[in-house]
Structures are given as C-alpha cells and as structure tokens.
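Listed in order, the protein sequences are those of chains E and Z. Start counting the first sequence at 1; every next residue gets the next number (full-length UniProt numbering). Start counting the second sequence at 1; every next residue gets the next number (full-length UniProt numbering).
Treat the hints with care, as some may be off.
Copies of one chain are not kept apart here, so a pair can be met inside one copy or by any two copies together.
[As the list claims (entries may be wrong)] As a list, the in silico EDC-like pairs of lysine to aspartate or glutamate whose alpha-carbon atoms are at most 20 Å apart:
id, residue 1, residue 2
1, 117, 216
2, 271, 185
3, 128, 185
4, 117, 83
5, 218, 190
6, 218, 201
7, 100, 216
8, 254, 24
9, 218, 24
10, 37, 114
11, 100, 83
12, 113, 36
13, 140, 126
14, 180, 158
15, 113, 40
16, 223, 48
Simulated from the structure, these hints should not be mistaken for laboratory data. Note that the structure is predicted; figures quoted are calculated from it, not measured.
The lines below spell out each chain.
Number of protein chains: 2
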Amino acid sequence: MIKSVAIQGIKGSFHHIVSQQYFDTTIIVDECLTFDKVVDSLLNKSCDAAIMAIENSIVGSIIPNYALIDNHQLHIIGEHYLDIQHNLLALPNQSIKDIKEVYSHPMALLQCKEFFKKHPHIKLIEDKDTAEVAQRIQLKQLRGVAAIASGLAAQLFELDILAESIQTIKHNETRFVIVKTANSELSHDEINKASIKFELEHKRGSLASILNVMSDCKLSLTKIQSLPKIETPWKYSFFVDITFDNYKHFNKAKSIMQIMAEDFKILGEYKNARL
Amino acid sequence: MIKSVAIQGIKGSFHHIVSQQYFDTTIIVDECLTFDKVVDSLLNKSCDAAIMAIENSIVGSIIPNYALIDNHQLHIIGEHYLDIQHNLLALPNQSIKDIKEVYSHPMALLQCKEFFKKHPHIKLIEDKDTAEVAQRIQLKQLRGVAAIASGLAAQLFELDILAESIQTIKHNETRFVIVKTANSELSHDEINKASIKFELEHKRGSLASILNVMSDCKLSLTKIQSLPKIETPWKYSFFVDITFDNYKHFNKAKSIMQIMAEDFKILGEYKNARL
C-alpha cells in the first residue's frame, strides 16, 4: 500500500500534480529539492514510492534520471503523462516590464526560451524547483522577481499570472515514472509495458538481432535510445520501452534476450498509461 | 574552400578550439552567441561553414542542434571529438571563498554540478557562452564573479585558474559536427560515415526491418535515437549514425531504406573521425 511518495519539488510543482492525479489528493508527499534527494528518500524508506520525470515531448529523455534508476536498482511500477503548462508568476500589481530576474528549473527555462527572447531585459537564473521560487517570492515579498510555474503554484502561493502558457511549444507533455525499491505487485494480466536496458557487443547486426526477437515475440517498440556509458565514452547501452498484449510473449522474449545481450536488465514492468 | 566558420561562442570557447584543430589557426571565426545565430550566419552566407556541438559523452545528444540541422536542411560534412576540460576562472588574487556568482553556459553548469555542491555559497547563473563570461570579467574587472571555461580562455583574457578540471566526470568528450548548406565535396573513397534520419509507421517490427537492411549491407550502427516529433508528441523519428568500409554498400542500403522508411533523409556523408 503506497501512502507516501517522494516528489522533486515542493507542493505546487508538476510532480505534486502528478502525485495527485496518479494516486489521489490524500497521498502524503515528501518534498525533495533534487532528484538525488528523491532517490535518497526512497532508499532511506522515508517514503513508499517516488515520482520522477523521465521524458519530455520537446527535449527528449531526461538522461540523468535514467542513470539514477539504473544505478540504484529501482523498479518502475507505473507511468503517467502530464501536459505541462508554464506560467510567469509574480506578486500582484506588476507588469512584465517590472520583472528583472526569473528564477526557475533549467528545464523550464529551456522550454520557455522563445518567450524570454522577446523580453531580453530579464535575467534568467537557474534554480532547483519551479514552485519553490513561487513560494519564496510570496514569503520574502520579492518584487521585480518572477517564477515559471504551474497554475496550482499561483493558487497555493497567491501570485498573479503575468503570462499564461509561455512555453515555446504549446503541446508540452512530460512522461513521469513511479518507482519503488521493490517490483510492482501487479498481476501478469495487468502488465502490458516494460522498460529494459542492455548492452551489446559492438558487432554488426547485433541490435537488429535483438529487435527481430522482440518483433517475433509480438512486442512493439515505443522508444529506443542508445546512451553513452558514463566513464566509457562512446560505448553505448540501449534503453528500450516495449508494449505487448500478453505477458507470456514478453516472458518468452525476455528469456531469449537475456542470453543474447550483455547486462540485460528489466527496469520495470507496468501498465501502459497511453492506451 | 572553407575560409571562415561560424562558432557558438567567442574566441576562447570550446567551439573556437575545435575550429583551430579541425581547420587550422588561420581560419576566420564568426563569433555567435547562440546556435540559432550560428545557423543564421551560415544561411546569410556570412561564413562558409559552421561548427556545432552535437553529442556529449555524459549528457548524450544535444537535441535542439539536431533539430536545427534537420529543419534548415544543413549538411554535415565532417565531425571532430574534443575532450572538454572545464576550469573555474576569475581575476587574480581571489580564492573560491571570494566567489559569489558563477555565470556559464547551462551545459557547463550541468557538467560541473558536483563541484558546486561542495561550494553552496556560489550562485549559478545561466549565460550564453563560457568564454564570453571570462572576457566580461576582464573587461569590467568583476571581482567575486567566476567563469567556467577553457584554459585557452584563461590565457586570452588573463584570468587565474582557481580550480582545474572541475567537471564531474573527468573524461568528458564532446562530438562536434561541421555543417554547410551544400553537400560535402569528398570523393566516395573518402566517405565512411553517414548520419541519417527517418520516420517509420508505428508497426511492429518496422525498425527491425530497417536495421536488418543496414546489417545485410554491411553497415555498422554507431548511434540510434528515437526522438519525439515536435508538435506531434509521442510520434518518433529516428536519428542513426552508421559507418561502412565501402561507399557502394551504403549506396545500396540507401536505395532500399528510401523505399522502406517515411521521410528518409541524409543529414550528411563524411569521414569518421574515430578510426
């Protein structure tokens, strides 16, 4: 039974919104300012599960989070998609011209790059969390400073929305994963998606062979990424997401892939959130 | 004949170092503060070629640069690998304790995350270029401010190195591509690497089929990445790098892949810089 969950950010953050949508509003959240702390909280058993952004429709994978899941032997037990809408928030009675500095998460700053090109007088400063800046503006009554954050943060911290939906690409969807230190407790009937990782000998055709096995076993590939192995530049691991109708098909492919690939690992078996 | 090249950053930047190593020290550089401006310079014919970082051994692909090359129909005509060493630079007679703010490129800030965890009193601020901050510190005689930049920048702008090689992963290699608006002028004998892009119907086994063609035609895959299609979330394109011994093999695979894949495109044919 999952009663508490670690999130990146504080209440009002996008991770908080995901916790309420995936579980419900009674879930206890452990507010962590970095993904490293999210994982620490899970490993220290301060919470039952954790939520981590893993992929965004604009910038692609959030590679350091793949590494955290992989290195700490975490298990993905679910996924959730959220449409991210960024807003520019500040104390009331100010216009954009009054804003001199914007503090936000690097990802949020990147996603709103075009908007700020039109306002070159604003200095962009990296911060740990989107919502925490909103909270700080309210607590310290900071004028001339704005946050990039959710509508929920505007509500919680009583800030005005100076500009709505300021991200460059209006449809800006992020995929989050729910992770635990133990495997999912879903039955095989409920599982229809998996995330796997493997390494291959650098030999012609080796990836094609693995993908042929997946295809022969009726698995559909929804994502593939070759990733540089940290500390071994230009040797790549593969991170792959697959969907299937029948767990038996996955099980069969798994037993073959385990023999064919080096360092084969299942990062998680869960329910596809996009049906 | 390439006489001038657009680089991201000013003299002393890592792109400047690449321009000197790939061409020579007589190459004329057009200093651009963003990758968008690098591409503009090339499209306006203000320069003959441009240099763009495309991949890093720690954080993976620099996805927005793939999009720039793809969207503006640029051609990759060469590649170059550089070992990136970040240093903390400031005016003489200061220690790390005196530094209150560090301005640098977001990628450099990310790569030095662990170093700055040990110095939490320093505020990290995003800037456009690594070397330009070093230049500004010298011009405006900014005390209490540091840059993260190359040894070349320390030399050019007469700054002290407060800390050397401050990136988290000591081996930090970046792959740069040299792009032009026209195709490479290399002969087929000199070409042994290509970057291609394609889309596939979301059908089971479609990627495996393409990889089988590559393997049958004796192409080796050095990189694969499924990328979200901007404005069409969760529909993916594939970016693939391949190497080969004989251009005829690549030509054969190309004619088959053009029929099999949607929107098949060659981003460049060039000489493998890692032999």
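Tell me the numbers of any earlier hints that the structure contravenes, in ascending order. The structure conflicts with hints 1, 3, 4, 7, 8, 9, 11, 14, 16, although it agrees with all the remaining ones.
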